[in-house]
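*Asks:* One-letter residues, chain by chain:
Number of protein chains: 2
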Amino acid sequence: MPAPKLLYAQSGGVTAVINTTAAAVIQCAREHGVKVYAARNGILGVLREDLIDTSRETRAAIEALAYTPGGAFGSCRFKLGPADRERAHYQRLIEVLRAHDIRYLLYNGGNDSADTSLKIARASRRLGYPLTCIGVPKTVDNDLALTDCCPGFGSVAKYTAVSVLEASLDVASMAESSTKVFVMEVMGRHAGWIAAAAGLAQRTPDDPPHVILFPEVPFDRERFLAAVRRTVERVGWCTVVVSEGLRHPDGRFVAEAGGKDAFGHSQLGGAGPTIAAMVKDGLGLKVHWAVPDYLQRSARHLASQTDHEHAWAVGEKAVEYALAGMSGVMPVIKRISDRPYRWKIEAAPLDRIANREKKLPRSFLRRDGYGITEACRRYLAPLVRGEASPPFGKDGLPVHARLRKPRVAPRLPPWEADAE
Amino acid sequence: MPAPKLLYAQSGGVTAVINTTAAAVIQCAREHGVKVYAARNGILGVLREDLIDTSRETRAAIEALAYTPGGAFGSCRFKLGPADRERAHYQRLIEVLRAHDIRYLLYNGGNDSADTSLKIARASRRLGYPLTCIGVPKTVDNDLALTDCCPGFGSVAKYTAVSVLEASLDVASMAESSTKVFVMEVMGRHAGWIAAAAGLAQRTPDDPPHVILFPEVPFDRERFLAAVRRTVERVGWCTVVVSEGLRHPDGRFVAEAGGKDAFGHSQLGGAGPTIAAMVKDGLGLKVHWAVPDYLQRSARHLASQTDHEHAWAVGEKAVEYALAGMSGVMPVIKRISDRPYRWKIEAAPLDRIANREKKLPRSFLRRDGYGITEACRRYLAPLVRGEASPPFGKDGLPVHARLRKPRVAPRLPPWEADAE
Chain A
1 MPAPKLLYAQ SGGVTAVINT TAAAVIQCAR EHGVKVYAAR NGILGVLRED
51 LIDTSRETRA AIEALAYTPG GAFGSCRFKL GPADRERAHY QRLIEVLRAH
101 DIRYLLYNGG NDSADTSLKI ARASRRLGYP LTCIGVPKTV DNDLALTDCC
151 PGFGSVAKYT AVSVLEASLD VASMAESSTK VFVMEVMGRH AGWIAAAAGL
201 AQRTPDDPPH VILFPEVPFD RERFLAAVRR TVERVGWCTV VVSEGLRHPD
251 GRFVAEAGGK DAFGHSQLGG AGPTIAAMVK DGLGLKVHWA VPDYLQRSAR
301 HLASQTDHEH AWAVGEKAVE YALAGMSGVM PVIKRISDRP YRWKIEAAPL
351 DRIANREKKL PRSFLRRDGY GITEACRRYL APLVRGEASP PFGKDGLPVH
401 ARLRKPRVAP RLPPWEADAE
Chain B
1 MPAPKLLYAQ SGGVTAVINT TAAAVIQCAR EHGVKVYAAR NGILGVLRED
51 LIDTSRETRA AIEALAYTPG GAFGSCRFKL GPADRERAHY QRLIEVLRAH
101 DIRYLLYNGG NDSADTSLKI ARASRRLGYP LTCIGVPKTV DNDLALTDCC
151 PGFGSVAKYT AVSVLEASLD VASMAESSTK VFVMEVMGRH AGWIAAAAGL
201 AQRTPDDPPH VILFPEVPFD RERFLAAVRR TVERVGWCTV VVSEGLRHPD
251 GRFVAEAGGK DAFGHSQLGG AGPTIAAMVK DGLGLKVHWA VPDYLQRSAR
301 HLASQTDHEH AWAVGEKAVE YALAGMSGVM PVIKRISDRP YRWKIEAAPL
351 DRIANREKKL PRSFLRRDGY GITEACRRYL APLVRGEASP PFGKDGLPVH
401 ARLRKPRVAP RLPPWEADAE
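So the protein lines, in turn, are chains A and B.
If you're matching positions, the first sequence starts at 1 in this note's numbering and goes up one per residue.
If you're matching positions, the second sequence starts at 1 in this note's numbering and goes up one per residue.
Looking at chain A on its own, in the form it has when it is part of the complex:
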């Protein structure tokens, strides 16, 4: 009889360090003598029985994987419905796991994924299949409940602070006769964590970013334009950071693009140019805007060492929890102290994480709503510390893992949804 296997799957938007977690899972499981399969494209790969045997990857490849952005095995945006409505999906999942003697499922994602993990854990119990189901945290949005922070966030935070700093030096040097206002749009659909991270670049009130527009603070056009005008008068120029999730007081997104994703979220990506146009029209100032979009969450070349260590640790602990049979939990980061920064990993129940969203606490927002407080800075500061870049090749480009990703021979008929 073959040894029980562990299945690792990636879900939702990827990060600069999700593969660090994958590498930790694979290495740690290997050390415990457990074979790791990875699902291609997350839960879709399980439904399709499209599984990758990671034991065929070299140790060097797994080490390189720890420094490679993106989701090496493919991720997905696919929402599993309620078990009573989508019984066939859950049955198929369990069938696939059973066919390959997979006893451990590690699902690496955000709060939607925590919910999915939980549903699979329940389905396995209901269907009498012994499965240990572990959620593994990951999201640039930093909005997971219970964990002090989320792997992926520290690196996008570092990217954002560094980019604001650098671009603002550019603006400062040209402002006398060119661009006076620079607007940078950052990710963060409902929570302003990434926008807040931009605040780390500001050391004095005249340093950038001068105005941060958070999704937590209803947008007030006139007050905003007044703040920009005052800054330009005082400093000579102004850097604005705007969250993609900025909303009008009535709840509408400032940049409403119209589309919806598989989870029913609106698709965004126009807050930056919208705000820039307001400044141009309202104040008659020359404006430039930037929307780094995926660049920010894939910027492994600027990854934070703290984030890298978190991502590795949750992968390692997830394997340990799995082997200890602790189903329905997620390894989360618990902060012990700010200065010096100390932390540990704890197990937290998935049902207290699933479908919840951690917003920026009120105490992290400056009274005027356009900046961060000292408490926020104390929280954020350790997360961007240290550099964990990949090695660069002789060609001047980062060296990323090239995996073989051999497919495990299927043992079941094709999945009906695909076969149709």
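Just to be clear, a hint being listed does not mean it is correct.
Copies of the same chain look alike in the list, so a pair counts if it fits in one copy or across any two.
Derived pair list, reagent style EDC-like, types lysine to aspartate or glutamate, alpha-carbon separation capped at 16 Å [what the hints assert, rightly or not]:
#1 K5 <-> E309
#2 K344 <-> D148
#3 K5 <-> D220
#4 K358 <-> E256
#5 K5 <-> D53
#6 K394 <-> D338
#7 K79 <-> D53
#8 K286 <-> D220
#9 K35 <-> E86
#10 K5 <-> D395
#11 K79 <-> E176
#12 K344 <-> D112
#13 K79 <-> D115
Just so you know, the hints here were simulated from the structure itself, not pulled from any lab data.
Just so you know, these numbers come straight off a predicted model, no measurement behind them.
Following the hints, complete the assembly by docking chain B onto the known chain A.
*Replies:* This is chain B only, laid out in the frame that chain A set:
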């Protein structure tokens, strides 16, 4: 009688390494016992007699300056008109230089600046003031004539190739159920050098970027959409890099924003979202787009070592040429060999650089117009090699120079244009 002084001024859009040149000028002049003044905000600072005494900066500050993005002394977009129409401007410039016994002018900029340097050189001769005028190359656009490449370009090239590589890993991992097409807009008003640099990320035909849209190739919507569709069918996703200067066959910019800058150039910045919308509407695929804007030209954290060395060398040589009395020249980069990459600095006459624009040679464009050739790759490859990041502080952010920038006491009445 005080020793003759050298005046250094920055002009036009800044780069990740223009301050490297500034640092080289200051250090090299110090070694020759020549005092360096810097004009605040380029030529405007000369007209206003707003000069900075760099001898008050510490050696450590100048060393940090070599790794600081932006233009430390301020740059400007201000076009000096023809000498016969704007005689007063030229007279004032020479008066200011004379008042401070400035005998060497080093003007660090692009082709507009080469033209300005030349006009000042001629005006000084006409007005009988002994001035040695040197142009110092700088531009992310890489479009200066005579020089093999321009300091500033290698770093934006590296930023672009790395960003395309990283973001594409993100897209690849999500494409199955999310974004299928990623569009990244890059700078380059009339010449597609930066767009071409994205091509360095492509090792095989299935690697990104799959389609590059150059300003040199008139845009054909249907042919473009067909290329994207074929790529998505073959690879599963598609990365498109589009130059801000992409044009329709009739010459109109694909993203016409309407404004004009001081040089009469159109202000751009919307080719990315425009192309993205075309893909969405034309092919019905989910699209994301990024516009890094100033982030790309200020990304000192990702600067290329080759670029850093070029930037230093032109600064050093500019001082040597100045002290040798070689007025009306620019130190340019001459390539000796591709492999191994060898180069030297030569003096080139400003009148053969001013107001010219070096476009991508036809031989660098793939026959289909959507990628680069092996010849282009051979040209670009050495320029992005090596990493010349600034040191990072304990706070996880790059350490930039903080200069004192003391103003030299004016000796003349205020400039009329400011006094009015």
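*Asks:* Under a CA distance limit of 16 Å, which applies to K79 and D115: within one copy, between copies, both, or neither?
*Replies:* within (10 Å within a copy, 61 Å between copies)
*Asks:* Can you tell me if K394 and D338 fall within 16 Å by alpha carbon in one copy, between copies, both or neither?
*Replies:* between (39 Å within a copy, 14 Å between copies)
*Asks:* Measure nothing new, just compare the shortest in-copy and cross-copy C-alpha distances for K5 and D53 to 16 Å and report within, between, both or neither.
*Replies:* Result: close within a single copy only, 10 Å intra versus 69 Å inter.
*Asks:* With identical chains treated as interchangeable, where does the CA-CA distance between K79 and D53 reach 16 Å or less: within a copy, between copies, both, or neither?
*Replies:* For K79 and D53, neither the intra-copy (25 Å) nor the inter-copy (63 Å) Cα distance is at most 16 Å.
*Asks:* Given a CA cutoff of 16 Å, do K5 and E309 count as a within-copy pair, a between-copy pair, both, or neither?
*Replies:* Answer is neither; intra-copy 25 Å and inter-copy 53 Å both fail.
*Asks:* Quick one: K344 to D148, C-alpha cut-off 16 Å, is that within a copy, between copies, both, or neither?
*Replies:* within (10 Å within a copy, 54 Å between copies)
*Asks:* For the identical chains here, do K344 and D112 meet the 16 Å Cα criterion within one copy, between copies, both, or neither?
*Replies:* neither (24 Å within a copy, 57 Å between copies)
*Asks:* When no copy is specified for K358 and E256, does a C-alpha distance of 16 Å or less occur within a copy, between copies, both, or neither?
*Replies:* neither (23 Å within a copy, 41 Å between copies)
*Asks:* Can you tell me if K79 and E176 fall within 16 Å by alpha carbon in one copy, between copies, both or neither?
*Replies:* Between copies, since 14 Å is at most 16 Å while 51 Å is not.
*Asks:* At most 16 Å between C-alpha atoms: does K5 with D395 qualify within a copy, between copies, both, or neither?
*Replies:* Neither way: K5 and D395 sit 39 Å apart in one copy and 41 Å across, limit 16 Å.
*Asks:* State whether the alpha carbon distance between K5 and D220 is at most 16 Å within one copy, between copies, both, or neither.
*Replies:* neither (54 Å within a copy, 52 Å between copies)
*Asks:* Have a look at K286 and D220 and pick one of within, between, both or neither, based on CA distance no larger than 16 Å.
*Replies:* neither (21 Å within a copy, 31 Å between copies)
Figure legend: structure checked against the earlier numbered hints; hints not met, in rising order: 1, 3, 4, 7, 8, 9, 10, 12.
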